[in-house]
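The listed protein sequences correspond, in order, to chains A and B.
When we follow my numbering, the leftmost residue of the first sequence carries the number 13, and every step to the right adds one.
When we follow my numbering, the leftmost residue of the second sequence carries the number 15, and every step to the right adds one.
Hints in this document: simulated from the structure, not taken from any laboratory.
Positions of the beta carbon are idealized from the N, C-alpha and C atoms, including for glycine.
Treat the hints loosely; a few may be bogus.
Distance condition first, Cα-Cα at most 20 Å in a straight line; then the derived SDA-like pairs of lysine to any residue [as the list claims (entries may be wrong)]: (1) A:Lys90 <-> B:Asp175; (2) A:Lys127 <-> B:Asp175; (3) A:Lys51 <-> A:Arg231.
Computed far set for chain A versus chain B, every beta-carbon distance over 12 Å [as the list claims (entries may be wrong)]: (4) Lys21; (5) Ser71; (6) Ser108; (7) Arg149; (8) Arg250.
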Amino acid sequence: MTQPFIEFKNVRKSFDSNPVMQGVDLLIYKGEITVVIGKSGCGKSVLLKHIIGLETQDSGVISIAGQDLANMDREARKRFKQKTSYMFQNNALFDSLNVFDNIALPLAEGSSLSKKEIRDRVFMRMEQLEILGIEGRYSTQLSGGMRKRVALARALVTDPDLVLFDEPTTGLDPVRKNAVHSMIKEYQERFGFTAVVVSHEIPEIFEIAQRVAMLDKGRILFQGNPEEIQGSTIDQVRSFINGRE
Amino acid sequence: MGDRLEICQTSGDRFEICPRNEEAILKTAAGRLINKVEALGTTTRGWIETVGRGSIFFFQGLLQLLVLPVQFSKILEHTWFIGMKSMMVIVLTGIFTGMVLGLQGYYTLVRFGSEGMLGSAVALTLIRELGPVLTAIMVAARAGSAMAAEIGVMRISEQIDALETMDVNPVRYLFAPRIVAGVISFPLLTALFDVIGIFGGYLTGSLLLGINPGIYLYRVRDSVIMADVTGGFIKSLVFSLVVTTVCCSRGYFTHLHTTGGFGAKGVSHSTTTAVVNSCVLILVFDYIITYLLL
Chain A
13 MTQPFIEFKN VRKSFDSNPV MQGVDLLIYK GEITVVIGKS GCGKSVLLKH IIGLETQDSG
73 VISIAGQDLA NMDREARKRF KQKTSYMFQN NALFDSLNVF DNIALPLAEG SSLSKKEIRD
133 RVFMRMEQLE ILGIEGRYST QLSGGMRKRV ALARALVTDP DLVLFDEPTT GLDPVRKNAV
193 HSMIKEYQER FGFTAVVVSH EIPEIFEIAQ RVAMLDKGRI LFQGNPEEIQ GSTIDQVRSF
253 INGRE
Chain B
15 MGDRLEICQT SGDRFEICPR NEEAILKTAA GRLINKVEAL GTTTRGWIET VGRGSIFFFQ
75 GLLQLLVLPV QFSKILEHTW FIGMKSMMVI VLTGIFTGMV LGLQGYYTLV RFGSEGMLGS
135 AVALTLIREL GPVLTAIMVA ARAGSAMAAE IGVMRISEQI DALETMDVNP VRYLFAPRIV
195 AGVISFPLLT ALFDVIGIFG GYLTGSLLLG INPGIYLYRV RDSVIMADVT GGFIKSLVFS
255 LVVTTVCCSR GYFTHLHTTG GFGAKGVSHS TTTAVVNSCV LILVFDYIIT YLLL
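Okay, chain A solo, but in the shape it has when bound:
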């Protein structure tokens, strides 16, 4: 059986007295798009933040390629972070920097590349994402769709092995939503990274997912491929994917 790239084992997390994750068990495989679905506020983003280290679990184990994330030495953690990108729900673009500097930031601050190499890589990504010509503009001067693409360019500029997408289509119209989904699918196929996508977009998201996990009341209720989840007999899963309470 294939070794999972990321594994959550009985992970628990509470904020004050409010339990968000109550024994999460989740498997994420290399080179696949895993989509995490669930009701708003059920802890999907918190789950994602545990992978990148923005949150730390109260108990349980998160392992990356078989290595316990909590006990990873500094160098290994640094290497993992350098090969991981996170695309925030609201993009989290630096509003005091222009588009070029936003995309170049991970390279300028976290690599030893020369200015010319950084410039070349930024422009290559901008060209691939069809956002050339806006490098001098600021994020507040861009449309929602453009911002998403800039955020995606920033996430991909480091050639990551793992990209975490936190509700990448929030606030977009149906056309742009589909465009973002296609973009994720296309670039995942082209660059071969592992993607974890937190989303509410059902059933559209099933078209790009290779695995789907449903989080409910702090636990993973179901994980499997899109066909399996759509044929699930679990009441909560059926209700959620059919949009009923």
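Could you slot chain B onto chain A? The hints should help.
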């Protein structure tokens, strides 16, 4: 029965007031006192936490200054913002402070027939006290508030989280260059304030009130010794650390100070608190340094 309290056995030999009596207790005089003590305890704990967080943040910032490569372009950018862009406000504050000192000093000294000492009075007051203190307060109001607001907005819009996900140390990226920029800018702005202030005193003292310009300038040169200048310089250095640390840390920890509100309201509260705390701490440290230098 409302007045009688029941005791419950919790485990083994442990006894506690029954939980159902707690509400009744809180309504009694003793209960109200407990509430007040509890509120005082919470506030004190909040203060200790804030000071602790700020101190750790400060030392993390200092530590990041030792990490190579040196962030020259960011230091220059912040020096431009803190120093260069504060020059106009320092010039205006300095000239009017000097003019007021000249006016007040003249009418006080003239009663003793010592108006010739005006140059000494203005120069010593500015170089020893008003120069470093007023410069720091003005820079805290202008640049410090901007630092707190900018970093606060970055915190609430997840830009600081984004830095962390890119493996960029936010303290190094946001705070360390500002410490250096403050250390460069504050003494230079203080020197500018002092010179402009002395000139302001000259304007009122000599040009308006008729003191001999030669005597005014002679008294300035004669009374100021190197120890006065060094003292002012030390103060401005300490104030630069106080202002940058307080303002950056208030912005950085905006999400933890929820008493002032969340989101934009939280940032506004952080900004106000940053400036007020900076001003109070400037005066506290001014007293301590003056005491140590005298």
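Checked hints:
1. A:Lys90 <-> B:Asp175: 16 Å, holds
2. A:Lys127 <-> B:Asp175: Distance ~25 Å between Lys127 of chain A and Asp175 of chain B Cα, so the pair is violated.
3. A:Lys51 <-> A:Arg231: 12 Å, holds
4. Lys21: 23 Å, holds
5. Ser71: 23 Å, holds
6. Ser108: 7 Å, violated
7. Arg149: It holds; Arg149 of chain A is separated from chain B by about 17 Å at its closest Cβ, greater than 12 Å.
8. Arg250: The assertion about Arg250 of chain A holds, with a minimum of 34 Å to chain B.
Violated hints, listed in ascending order, are 2, 6; each of the other numbered hints is respected by the structure.
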